[in-house]
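With the hints as extra help, turn the sequences into a complete structure.
For the protein sequence lines, the chains are G and U, in the order given.
With our numbering applied, the first sequence corresponds to residues 5 to 113, in that order.
With our numbering applied, the second sequence corresponds to residues 121 to 234, in that order.
Calculated directly from the structure, the hints in this document are not laboratory data.
Don't be surprised by glycine CBs; every beta carbon is placed ideally from N, CA and C.
There's no promise every hint is true.
Just a few of them, taken from the derived set where beta-carbon distance is under 8 Å, the chain U residues facing chain G [claimed, not checked]:
| id | residue |
| --- | --- |
| 1 | T134 |
| 2 | G136 |
| 3 | Q138 |
| 4 | H149 |
| 5 | S153 |
| 6 | L163 |
| 7 | Q164 |
| 8 | G178 |
| 9 | G182 |
| 10 | F184 |
| 11 | L201 |
| 12 | D205 |
| 13 | S206 |
| 14 | F225 |
| 15 | P227 |
Computed Cβ-Cβ distance ranges for the label pairs, DEER-style [claimed, not checked]:
| id | chain 1 | residue 1 | chain 2 | residue 2 | range |
| --- | --- | --- | --- | --- | --- |
| 16 | U | E222 | G | P113 | 41 to 51 Å |
| 17 | U | P128 | G | N42 | 17 to 27 Å |
| 18 | U | G178 | G | A85 | 29 to 39 Å |
| 19 | G | A86 | U | T200 | 33 to 43 Å |
| 20 | U | Q161 | G | D11 | 10 to 20 Å |
| 21 | U | N197 | G | T81 | 40 to 50 Å |
| 22 | U | E222 | G | T24 | 44 to 54 Å |
| 23 | G | G44 | U | F189 | 25 to 35 Å |
| 24 | G | G44 | U | G178 | 35 to 45 Å |
| 25 | G | R64 | U | G178 | 27 to 37 Å |
| 26 | G | S55 | U | L203 | 32 to 42 Å |
| 27 | G | S55 | U | T134 | 43 to 53 Å |
Keeping only pairs whose Cα atoms sit at most 25 Å apart, straight-line, the calculated SDA-like set for lysine to any residue is [unchecked claim]:
| id | chain 1 | residue 1 | chain 2 | residue 2 |
| --- | --- | --- | --- | --- |
| 28 | G | K74 | U | L203 |
| 29 | U | K177 | U | R129 |
| 30 | U | K133 | U | Y221 |
| 31 | G | K30 | G | G63 |
| 32 | G | K105 | U | R230 |
| 33 | G | K105 | U | G162 |
| 34 | G | K60 | U | Y221 |
| 35 | U | K133 | U | L208 |
| 36 | G | K74 | U | E222 |
| 37 | U | K133 | U | L203 |
| 38 | G | K73 | G | S43 |
| 39 | G | K73 | G | S28 |
| 40 | G | K74 | U | P227 |
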Amino acid sequence: SQQGEEDPQALSIQEGENATMNCSYKTSINNLQWYRQNSGRGLVHLILIRSNEREKHSGRLRVTLDTSKKSSSLLITASRAADTASYFCTTGPGYALNFGKGTSLLVTP
Amino acid sequence: KAGVTQTPRYLIKTRGQQVTLSCSPISGHRSVSWYQQTPGQGLQFLFEYFSETQRNKGNFPGRFSGRQFSNSRSEMNVSTLELGDSALYLCASSWTTGGPYEQYFGPGTRLTVT
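Following this line, the structure appears as structure tokens:
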């Protein structure tokens, strides 16, 4: 399977706090992507990290990748209410994504 | 630049009927992928079209089919609808095939089969 398994399933924090979610996968990968889905903006690509990278940043997002443990983590710093969404990781090719149940993040004011 | 558009946004059909969903990709994008999203199975890849040819296919029965036109617009068809086909159908476009490339998703078509 090329889908990741996100953990925790649900996360509730207050605005300004950091949110960390994890992803585990089973097969060797070339890259791993994180996506976000909410009712307002739909499904949106966040960040892609290649297998030879260990860490990548994009704005308030920080993604790490540990290929030896087949795991990745997504850190959102200084969370905002607008970050409330489901977050998914996937290791499939760009055109054929398979998502699991994701991590449901709730950011309260 | 306009985003990916999908029509219709909502649809209610009866078991046994067929349905056609439409997707217009971002201008200049030539690859269109279709996905089915359900609470139980998550988001699953249906198929991908590039330059009017189906390049990749997921693990779905033959009742699910699609096509792509010369302007890159795509349609997917589901024949002999079953209750389990109730789902959010998303299409996504990217400028080329292969990968990894960021995919841009449309808002989806919510299909309810009764």
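Verification of the supplied hints:
no.: 1; hint: T134; in the structure: violated, 27 Å
no.: 2; hint: G136; in the structure: violated, 29 Å
no.: 3; hint: Q138; in the structure: violated, 25 Å
no.: 4; hint: H149; in the structure: violated, 11 Å
no.: 5; hint: S153; in the structure: holds, 5 Å
no.: 6; hint: L163; in the structure: holds, 4 Å
no.: 7; hint: Q164; in the structure: holds, 6 Å
no.: 8; hint: G178; in the structure: holds, 7 Å
no.: 9; hint: G182; in the structure: violated, 18 Å
no.: 10; hint: F184; in the structure: violated, 14 Å
no.: 11; hint: L201; in the structure: violated, 23 Å
no.: 12; hint: D205; in the structure: violated, 18 Å
no.: 13; hint: S206; in the structure: violated, 18 Å
no.: 14; hint: F225; in the structure: holds, 4 Å
no.: 15; hint: P227; in the structure: holds, 5 Å
no.: 16; hint: E222/U - P113/G: 41 to 51 Å; in the structure: violated, 31 Å
no.: 17; hint: P128/U - N42/G: 17 to 27 Å; in the structure: holds, 22 Å
no.: 18; hint: G178/U - A85/G: 29 to 39 Å; in the structure: holds, 35 Å
no.: 19; hint: A86/G - T200/U: 33 to 43 Å; in the structure: holds, 42 Å
no.: 20; hint: Q161/U - D11/G: 10 to 20 Å; in the structure: holds, 19 Å
no.: 21; hint: N197/U - T81/G: 40 to 50 Å; in the structure: holds, 45 Å
no.: 22; hint: E222/U - T24/G: 44 to 54 Å; in the structure: violated, 23 Å
no.: 23; hint: G44/G - F189/U: 25 to 35 Å; in the structure: holds, 30 Å
no.: 24; hint: G44/G - G178/U: 35 to 45 Å; in the structure: violated, 27 Å
no.: 25; hint: R64/G - G178/U: 27 to 37 Å; in the structure: holds, 33 Å
no.: 26; hint: S55/G - L203/U: 32 to 42 Å; in the structure: holds, 40 Å
no.: 27; hint: S55/G - T134/U: 43 to 53 Å; in the structure: holds, 47 Å
no.: 28; hint: K74/G - L203/U; in the structure: violated, 37 Å
no.: 29; hint: K177/U - R129/U; in the structure: holds, 24 Å
no.: 30; hint: K133/U - Y221/U; in the structure: violated, 34 Å
no.: 31; hint: K30/G - G63/G; in the structure: violated, 29 Å
no.: 32; hint: K105/G - R230/U; in the structure: holds, 18 Å
no.: 33; hint: K105/G - G162/U; in the structure: holds, 6 Å
no.: 34; hint: K60/G - Y221/U; in the structure: holds, 16 Å
no.: 35; hint: K133/U - L208/U; in the structure: holds, 14 Å
no.: 36; hint: K74/G - E222/U; in the structure: holds, 22 Å
no.: 37; hint: K133/U - L203/U; in the structure: holds, 10 Å
no.: 38; hint: K73/G - S43/G; in the structure: violated, 33 Å
no.: 39; hint: K73/G - S28/G; in the structure: holds, 8 Å
no.: 40; hint: K74/G - P227/U; in the structure: violated, 31 Å
The structure does not agree with the numbered hints 1, 2, 3, 4, 9, 10, 11, 12, 13, 16, 22, 24, 28, 30, 31, 38 and 40 stated previously, though it agrees with the rest.
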